[in-house]
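From just these sequences and the hints, can you work out the full model?
Chain order of the listed sequences is A and B.
The numbering of the first sequence is my numbering, which starts it at 1 and goes up by one.
The numbering of the second sequence is my numbering, which starts it at 1 and goes up by one.
Just so you know, these hints were derived from the structure itself, not from any lab.
C-beta atoms are modelled at their ideal positions from N, C-alpha and C, and glycine is treated no differently.
Check the hints yourself; a few may be wrong.
[Said to hold, decoys possible] To spell it out: a stretch of chain B is covered by chain A in this simulated footprint if at least three of its residues, at any positions, have a beta carbon under 8 angstroms from a beta carbon of chain A; those stretches are: (1) 73-87; (2) 187-199; (3) 238-250.
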Amino acid sequence: MADQPLLRVRDLGVSFRSGGAESIASTGVNYDLAPGEILAVVGESGSGKSVSALALTRLLPPEPACSIRGSVQLEGTELVGLSEQALTRVRGKRIAYIFQEPGTSMNPVYTVGFQIAEAVRTHRPEVQDVNATVVDALAAVGIREPARAAASYPHELSGGMLQRAMIAMALACDPKVLVADEPTTALDVTIQKQIMELLARLRRERGMSILLITHNFGIVANMADNVMVMHQGRVVEQGSVKDVMGSPKHPYTRGLIGCIPRLGQRRRRLSTLEDAMRDSQNANR
Amino acid sequence: MSSSTLLEVNDLKVHYPRPGAGWFRKAEPVRAVDGVTFSVLRGKTVGLVGESGSGKTTTGRAIVKLAPVTAGQILWEGQDIGRMDNRAFLPWRKKVQMVFQDPYGSLNPRSDILGILSEPLEIHFPGMSRQDREARCAELLTKVGLKPEQMRRHPHEFSGGQRQRIGIARALAVQPELIVCDEPVSALDVSVQASVVNLLQDLQEELGVAYLFIAHDLAVVEHISHHVLVMEKGLVVEQGSPERILGDPQHPYTRTLLDAVPKF
Numbered sequence: 001m002a003d004q005p006l007l008r009v010r011d012l013g014v015s016f017r018s019g020g021a022e023s024i025a026s027t028g029v030n031y032d033l034a035p036g037e038i039l040a041v042v043g044e045s046g047s048g049k050s051v052s053a054l055a056l057t058r059l060l061p062p063e064p065a066c067s068i069r070g071s072v073q074l075e076g077t078e079l080v081g082l083s084e085q086a087l088t089r090v091r092g093k094r095i096a097y098i099f100q101e102p103g104t105s106m107n108p109v110y111t112v113g114f115q116i117a118e119a120v121r122t123h124r125p126e127v128q129d130v131n132a133t134v135v136d137a138l139a140a141v142g143i144r145e146p147a148r149a150a151a152s153y154p155h156e157l158s159g160g161m162l163q164r165a166m167i168a169m170a171l172a173c174d175p176k177v178l179v180a181d182e183p184t185t186a187l188d189v190t191i192q193k194q195i196m197e198l199l200a201r202l203r204r205e206r207g208m209s210i211l212l213i214t215h216n217f218g219i220v221a222n223m224a225d226n227v228m229v230m231h232q233g234r235v236v237e238q239g240s241v242k243d244v245m246g247s248p249k250h251p252y253t254r255g256l257i258g259c260i261p262r263l264g265q266r267r268r269r270l271s272t273l274e275d276a277m278r279d280s281q282n283a284n285r
Numbered sequence: 001m002s003s004s005t006l007l008e009v010n011d012l013k014v015h016y017p018r019p020g021a022g023w024f025r026k027a028e029p030v031r032a033v034d035g036v037t038f039s040v041l042r043g044k045t046v047g048l049v050g051e052s053g054s055g056k057t058t059t060g061r062a063i064v065k066l067a068p069v070t071a072g073q074i075l076w077e078g079q080d081i082g083r084m085d086n087r088a089f090l091p092w093r094k095k096v097q098m099v100f101q102d103p104y105g106s107l108n109p110r111s112d113i114l115g116i117l118s119e120p121l122e123i124h125f126p127g128m129s130r131q132d133r134e135a136r137c138a139e140l141l142t143k144v145g146l147k148p149e150q151m152r153r154h155p156h157e158f159s160g161g162q163r164q165r166i167g168i169a170r171a172l173a174v175q176p177e178l179i180v181c182d183e184p185v186s187a188l189d190v191s192v193q194a195s196v197v198n199l200l201q202d203l204q205e206e207l208g209v210a211y212l213f214i215a216h217d218l219a220v221v222e223h224i225s226h227h228v229l230v231m232e233k234g235l236v237v238e239q240g241s242p243e244r245i246l247g248d249p250q251h252p253y254t255r256t257l258l259d260a261v262p263k264f
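As structure tokens, this is what we get:
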């Protein structure tokens, strides 16, 4: 086999148990992530897209409150069922995460530099000059005065700067896979563009693979190689961005794309998901 | 002229004092809104776009008297409502209502839907009987696509989109002529967003209500608006028809905003 995938996910399922009742958050998720690939995951809230990504390194409650089934192989190593201690060595170091709200992902009482240094010390004990690594990481994400940013507390930085700092923290440990969970949803469009360009550059320069969770099809079209559409915990459609967005097969995908207003294409009414689902039912009759 | 001017905003300024000698800054006032002029026509929608910190929300809040007016006029059919005290403003509050961004934070969690929708009625129509209020509440829920049977439920029993519908019903309760919608769909899923935008347009057609629609999503603003304002740093940098502003932007800031939108 020439191209072994970096990450191989098979039949991944997550369910939560509370008070004897089990609720399935996602089920039957399959995908391969190649080195340097950007895979977008789209869907509405509650579709299971975030929970499937968190399940990769079990950033979820322990058994029996939450159980994970299936298989996640990172470079041939099975992650499902690993001990907490072994998972700690994967989290951050090999699979890093950035989240939607950069402000709440940082600890407000420590400086940004301290928090990035903490990640470096934990995951890369071999590094001699931790401070230099921190400043380099901040410079790599396009922060102009990295030393000053490192000395700042989270509240002193803007949302866009904080998201860069979060990416710097993820990068400082040189991960293989970056999971970006709605990284720009809380940011202005101009800042969103800068962050997306940054992620594209990191993929280009470092060959990092990115699992990009978003609900913005514009971002999917511009950034991703492949896309996976999730609905009610299941993958309803997956394939190359060109195929899925060019000729979506599943009515849910068509509905999701169709309900977005687009610039320069003024319509009298927006179509809704219900319209699309109803149309497909009528067509099947 | 096809429709009359409802609201005229002339050189509106909202400045906030900064606390004395601060740690980082001089005691210069924050110029949140620094000279904004526009008008809203009866039954039409004015879209207001800009990034965070551009002053778009403050402009909307000043119109409903949730932000202090430093200078300039807010003329409602010729009468300046910007400088009135709250008591004198009361009759106008009925005419200008607001829908907020956060459908979770803007409804009282301890009150049922009947209570939430009755409150504005009790204030503005004190003579209304209990039965009439309940009937009005049922009518409002139907209007926004919910069921009258749901009026005894509490906000936590509804989804984000349904809560935003309740917020819209509350604004409609007193039959306003203008609703200031501050990012009403930005917290919602794209699919839910489409149905709430459609609802707002249907209500405008049916009731002739005007909107000041504040948002950062240019495509949504283009879709819903009859007139668009682009704000940056407290100033309107450009205004005109949506076709003109978004199709042929003149100001570099508008172009920057448009370029930043990922297209597909």
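Which numbered conditions among the earlier hints are violated in the structure presented, ordered from lowest to highest? 1
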